[in-house]
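Enquirer: Once you have looked at the hints, place chain Z on chain P.
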Amino acid sequence: MEINIEKILFYGFSTILLGSATAVIFSRNSVRAVLFLVLAFFACAGLWLLQQAEFLAITLVLVYVGAVMVLFLFVIMMLDINVATKEARLVRYFPLGILIAALIVSQIIWILWKGGSWVGIQGDMNPGESNVSAIGKLLYTDYIYPFELAGIILLVAIVAAISLAFRGRRRGTRGQKIKEQIAVRSQDRVTLVSLKPTIRKDL
Amino acid sequence: MREWLIQNYPEWPILWKVVLPVVTIGIFFTCLLLCVAYLSLLERKVIGYMQVRIGPNRVGPFGLGQPIADVLKLFFKEIIFPKASNFYLFIVAPILAVAPALAVWAVVPLGEKWVFADINIGLLYILTMSSLGVYGILIAGWASNSKYALLATLRSAAQVVSYEIAMGFALVGVVMAANSLNLREIIQAQSGSILHWYMVPLFPLLIVYWISAVAETNRAPFDVVEGESEIVAGHHVEYSGTVFAAFFLAEYANMILVSSVASILFLGGWLSPFQGIPVLETWFQDVPGLIWLVIKICGFLLLFLWFRATFPRFRYDQIMRLGWKVLIPITLIWIFVVGGLQVWKVGPWFT
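Those protein sequences? They're chains P and Z, same order as listed.
Residue 7 in numbering that gives the first Met the number 0 sits at position 8 of the first sequence, and the numbers go up by one each step.
Residue 35 in numbering that gives the first Met the number 0 sits at position 36 of the second sequence, and the numbers go up by one each step.
It is worth saying that the hints were derived from the structure and are not from the lab.
Ideal placement from N, C-alpha and C gives every residue a C-beta, glycine not left out.
Mixed in with the good hints there might be a few duds.
[Said to hold, decoys possible] Have a look at the derived ranges for each label pair, beta carbon to beta carbon: (1) Z:R314 to P:P94: 42 to 52 angstroms; (2) Z:F27 to P:L153: 39 to 49 angstroms; (3) Z:V342 to P:I107: 37 to 47 angstroms; (4) Z:F27 to P:K6: 26 to 36 angstroms; (5) P:L138 to Z:F75: 47 to 57 angstroms; (6) P:I157 to Z:M175: 19 to 29 angstroms; (7) P:I24 to Z:V342: 44 to 54 angstroms; (8) P:Q186 to Z:Q317: 18 to 28 angstroms; (9) P:I99 to Z:L33: 47 to 57 angstroms.
So here's chain P without its partners, still in its complex pose (with noise of 0.2 angstroms):
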């Protein structure tokens, strides 16, 4: 087998990427589990730009290690997770996991056997286009349908996800009132009062 460093570097991501998902799933600390999903993404952009798929490996690391995960992060260092819960869950919700799992696995390989032969994904790019360029056309022309469905679904989950959390501002409360902060002048504070001296008589 040639081993050139291409190689090195896929086995070595590819090494990463299924030891730390293994550890997101078996580790007991949870704020250590997310850490290691985000070594996990890290792995995955690695083996992403080894593909040459720049635009998706950055774009990986910026909207899932820079943004989703920094949220799970603050949502779980504020909760008081006891470990031996985590481990009932774990069991409870094994047959669901595997149920996924072989479903992805299943999908991918529905894809991937065309014809009766095992095939790559195939695209017409040109060899000087970039890949940025190239998924914008794809994105905007062919799947502009799906493309914009994705857009509504995650639009509508945004909403919905506020509508569930703003429950309305209830009476009673003292709440900001921005306008009024900002229209306030400073003889609406402060009043100035002139005061005539007075001389106390026993000192």
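Expert: Below, chain Z alone, put in the same frame as chain P:
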């Protein structure tokens, strides 16, 4: 240099494949560290003069030896590891703060050919790397096992994620105008004259970018993460010596970075401000582009210091309100404006 090595030592590919890049990166980082050290002196001096003080003036002439003395002091201090802290994460946190702050410089072009990696997605790379810096703060705060540090962590996570959105939208405007994510091409799209710079058509985006950049670097008036009056020093309460210096280095390197990104995206990077002006252009044509870039960066850095000397700290909910309810709507509106300018080919920028 690279061509010369290839011509004269063709049998030693390691020389120009490994040694030369490593040496140039080493030289660059040394310069960057010096910049960071003297930026801290400049900060103390400038704020000193703004508050009618002199600032540090004991070490060397005009206090020029002060940063060196500070660095030496930090290196010889004892590093204290709190007993209840999570040791590995406690060590990893400063590394995670510094690494992205240094790695991001790989794509920043300092001159026509002075860039380590001239990649097509340079701008995205910068956005990504600067968003990773928050992990240093997050992990430091959690691993320290201290209430103050954890509070800083929560504040930082919310603040950085919110302002990243405003910043990203501001950058979308630039990308739309330049039709490229490559920083070199973005600068070249601004050549012509000072009026071609994107600060003219994208002025609101420049303001939004700059405000969110100050928030992203956790500098005053958005420095609730440090908040020395209520949470003493935020995420690095428990850090001392070299590991504290790492956070300091990351913060100042990020300041220099966002300043250079602002000058590259909105002020034409290395382009001369006298381009297209008949007499002045010939007078200043021999000035290297790096000088112009450095002048622009210094201008933005002075803004940082000026803010710190001028503004009181924002309250936490005010920061959130500014980010979500003011900055993000402005960028969204201006993206539509840029789209309109693009469609109707409003010159001289969108032709």
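Enquirer: Against the range 26 to 36 angstroms, how does the distance between the Cβ atoms of Z:F27 and P:K6 compare: consistent or not?
Expert: Given about 31 angstroms between the Cβ atoms, the range holds.
Enquirer: Go ahead and decide if the range 47 to 57 angstroms is satisfied by the Cβ distance of P:I99 to Z:L33.
Expert: 53 angstroms, holds
Enquirer: Are P:L138 and Z:F75 spaced within 47 to 57 angstroms by their CB atoms?
Expert: 55 angstroms, holds
Enquirer: Are P:I157 and Z:M175 spaced within 19 to 29 angstroms by their CB atoms?
Expert: At 23 angstroms between Cβs, range holds.
Enquirer: Given the range 44 to 54 angstroms, decide if the beta-carbon distance of P:I24 to Z:V342 lies inside it.
Expert: 50 angstroms, holds
Enquirer: Is 37 to 47 angstroms right for how far apart the beta carbons of Z:V342 and P:I107 are?
Expert: 41 angstroms, holds
Enquirer: Confirm or reject the claim that Z:R314 and P:P94 have a C-beta distance inside 42 to 52 angstroms.
Expert: 49 angstroms, holds
Enquirer: Within 18 to 28 angstroms: is that where the Cβ-Cβ distance between P:Q186 and Z:Q317 falls?
Expert: 23 angstroms, holds
Enquirer: Could one say that the CB atoms of Z:F27 and P:L153 fall in the range 39 to 49 angstroms?
Expert: Between Z:F27 and P:L153, where Cβ atoms are some 40 angstroms apart, the hint holds.
Hint compliance for this structure: no hint is broken.
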